[in-house]
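Chemist: One-letter residues, chain by chain:
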Amino acid sequence: MLVVAGEQRPSDRIALARIHAQLFEPRATVWWRADRPSGFDFGTGAPESVSDAAAFISAQATQSEGEAILLDDGPPNPWEGVGPYGQGGNGMMGGTPYGRPMAMTTDDLRDGLALDAYSATFGPYLTQWPPGLIMETTLQGDVIQSVRIVEAPLAQDLLAATPHLELARLLRLLELPALADRLVRAALADPARAAAGLARAVRWTGLLAAIPSALARDESGGDVRSRTAGRLDALSAGRPADPAAPGDLAAMLIGLEWHEAALVLASFSIDELRGAIASPAVRMAKGAA
Amino acid sequence: MFVALVLAAYRAAGPRCSPWPQRLPFLGGGEADTHAWQRYHVRFYTMTLVFIAFEMEMMFMYPWAVVFVEEGLKALAEMGMFLAILSLGILYGWREGIFRWQ
Numbered sequence: 001m002l003v004v005a006g007e008q009r010p011s012d013r014i015a016l017a018r019i020h021a022q023l024f025e026p027r028a029t030v031w032w033r034a035d036r037p038s039g040f041d042f043g044t045g046a047p048e049s050v051s052d053a054a055a056f057i058s059a060q061a062t063q064s065e066g067e068a069i070l071l072d073d074g075p076p077n078p079w080e081g082v083g084p085y086g087q088g089g090n091g092m093m094g095g096t097p098y099g100r101p102m103a104m105t106t107d108d109l110r111d112g113l114a115l116d117a118y119s120a121t122f123g124p125y126l127t128q129w130p131p132g133l134i135m136e137t138t139l140q141g142d143v144i145q146s147v148r149i150v151e152a153p154l155a156q157d158l159l160a161a162t163p164h165l166e167l168a169r170l171l172r173l174l175e176l177p178a179l180a181d182r183l184v185r186a187a188l189a190d191p192a193r194a195a196a197g198l199a200r201a202v203r204w205t206g207l208l209a210a211i212p213s214a215l216a217r218d219e220s221g222g223d224v225r226s227r228t229a230g231r232l233d234a235l236s237a238g239r240p241a242d243p244a245a246p247g248d249l250a251a252m253l254i255g256l257e258w259h260e261a262a263l264v265l266a267s268f269s270i271d272e273l274r275g276a277i278a279s280p281a282v283r284m285a286k287g288a289a
Numbered sequence: 001m002f003v004a005l006v007l008a009a010y011r012a013a014g015p016r017c018s019p020w021p022q023r024l025p026f027l028g029g030g031e032a033d034t035h036a037w038q039r040y041h042v043r044f045y046t047m048t049l050v051f052i053a054f055e056m057e058m059m060f061m062y063p064w065a066v067v068f069v070e071e072g073l074k075a076l077a078e079m080g081m082f083l084a085i086l087s088l089g090i091l092y093g094w095r096e097g098i099f100r101w102q
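If you're matching them up, the sequences are chains G and D in order. Residues in the first sequence are numbered consecutively from 1, following my numbering. Residues in the second sequence are numbered consecutively from 1, following my numbering.
Just so you know, the hints here were simulated from the structure itself, not pulled from any lab data. Just to be clear, a hint being listed does not mean it is correct.
[Unchecked claim] Covered by chain G, according to a simulated footprint, are these stretches of chain D (three or more residues, beta-carbon under 8 angstroms): (1) 17-24; (2) 27-40.
[Unchecked claim] Residues of chain D placed beyond 10 angstroms of chain G at every Cβ, according to the derived structure: (3) A8; (4) A9; (5) Y10; (6) A13; (7) M47; (8) T48; (9) L49; (10) E57; (11) M61; (12) E70; (13) L73; (14) L76; (15) G80; (16) A84; (17) L88.
Values in this document were obtained by computation on a predicted structure and should not be read as measured data. Just so it is clear, CB atoms sit at the ideal spot from N, CA and C, and this is done for glycine as well.
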């Protein structure tokens with residue numbers, strides 16, 4: 001089941017259709033507080049309130065509707081190979097099967113080992129990342145070689161800016177979903193109330209020790225670990241976390257492994273990320289540099 | 001005969017070919033620019049080899065424990081030589097930096 005929550009950008013229509021197509025049969029869609037983009041005239045709308053919507057979605061999960069996929073059932077690029085299984089074609093690397101070139105080697109940033117580089121657009125619906133963020137990334141193995149930020153994350157409501165939900169995103173990345181759920185429940189109950197007990201429970205998991213040291217220093221000298229510690233302090237004191245400025249976000253991610261990059265993105269609030277990726281002109285300049 | 005049966009059962013009961021949009025890698029709505037056939041740097045490769053060396057050493061030591069009861073000091077000396085050679089190899093690898101995660 002695909003649950004679409006909140007307003008979607010018109011430019012993300014194809015990405016949403018791709019996510020819908022990648023669900024297996026029988027697929028069903030639930031729209032929650034969302035206007036359906038043009039062409040998406042299927043699925044059911046969920047009630048507005050959070051608890052009603054949760055009950056509605058779990059009730060829908062048992063029903064199989066079987067929606068058809070929106071995208072054409074054809075190869076994304078025309079067939080350009082010679083043999084029947086993608087082999088053949090011109091060049092040493094065997095041509096361009098289905099219009100996509102084979103990965104070519106570049107030198108690794110860390111040890112100079114020449115291996116294949118993989119370029120892809122990630123997002124906007126990647127679970128590990130802030131919702132709406134689109135990045136064109138070239139990976140070599142799990143090391144990020146280059147980053148171009150295409151779209152900033154989507155604006156979130158005030159609840160998402162509480163230390164509760166910011167920590168919950170990080171906890172889910174570190175495979176601690178039960179604690180993340182507790183934080184979300186506490187935020188839904190009263191986001192302004194101090195939750196020292198919860199902050200202690202999070203500290204006792206060894207969260208801070210699990211984060212690599214000196215990862216992604218921002219303009220004020222803080223790293224992922226210190227920003228997370230700041231969120232924990234804010235949670236136990238019942239106040240918003242201190243702001244941080246990512247600076248050049250794309251440059252910060254280069255040379256990191258995939259899991260480190262996900263931690264870096266989760267260590268900033270959505271607003272801080274949106275601030276760092278201000279205008280399309282800045283995005284293009286960063287991409288070119 | 002068996003292979004033919006398995007293949008026939010797979011044809012009869014197996015899933016039909018997925019539609020094209022489903023054959024893409026999951027990138028959260030994004031699309032890949034390069035083909036997925038690529039070589040990947042296995043950074044734990046040398047550590048894996050060291051692990052296998054230790055595994056084989058342990059496999060020698062279990063039957064050796066039986067021999068040790070019969071032979072005594074002589075078997076102990078032989079195993080000592082074997083472990084010394086292995087340890088030299090590990091020290092050499094350490095000097096060459098195989099335990100550094102690159």
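Chemist: Decide, hint by hint, whether the structure agrees.
Modeler: Hint check:
1. As drawn, the region 17-24 of chain D meets chain G at 5 residues by the rule of a beta-carbon pair under 8 angstroms; at three or more, the given contact holds.
2. Residue count for the region 27-40 of chain D with a Cβ under 8 angstroms from a Cβ of chain G: 14. That meets the three needed, and the coverage hint holds.
3. Chain G leaves D:A8 outside its interface by the beta-carbon criterion, the shortest separation being 22 angstroms against a cut-off of 10 angstroms.
4. Non-interface status of D:A9 relative to chain G is upheld: no Cβ of that chain comes within 10 angstroms, the nearest being about 22 angstroms off.
5. Look at D:Y10: its CB is around 18 angstroms from the nearest CB on chain G, clear of 10 angstroms, so calling it non-interface holds up.
6. Once the 10 angstroms rule is applied to beta carbons, D:A13 is consistent with being away from chain G; the minimum gap is 16 angstroms.
7. Remark: the non-interface label on D:M47 is consistent with the geometry, its nearest Cβ contact in chain G lying 15 angstroms away (cut-off 10 angstroms).
8. Remark: the non-interface label on D:T48 is consistent with the geometry, its nearest Cβ contact in chain G lying 16 angstroms away (cut-off 10 angstroms).
9. The Cβ of D:L49 sits about 17 angstroms from the closest Cβ of chain G, beyond the 10 angstroms cut-off, so the non-interface label holds.
10. A cut-off of 10 angstroms between C-beta atoms confirms that D:E57 is not in contact with chain G; the least separation is 29 angstroms.
11. No Cβ of chain G comes within 10 angstroms of the Cβ of D:M61; the nearest lies about 35 angstroms off, and the non-interface call holds.
12. With a minimum CB-CB distance of about 49 angstroms to chain G, D:E70 clears the 10 angstroms threshold, and the non-interface call stands.
13. The beta carbon of D:L73 is kept farther than 10 angstroms from every beta carbon of chain G, the shortest such distance being approximately 47 angstroms.
14. Under the 10 angstroms C-beta cut-off, the non-interface status given to D:L76 relative to chain G holds; the minimum distance is some 42 angstroms.
15. No beta-carbon of chain G comes within 10 angstroms of the beta-carbon of D:G80; the shortest separation is about 37 angstroms.
16. No Cβ of chain G comes within 10 angstroms of the Cβ of D:A84; the nearest lies about 32 angstroms off, and the non-interface call holds.
17. With a least beta-carbon separation of about 26 angstroms from chain G, D:L88 lies farther than 10 angstroms from that chain, consistent with its non-interface assignment.
When each numbered hint is compared with the structure, no violation occurs for any of them.
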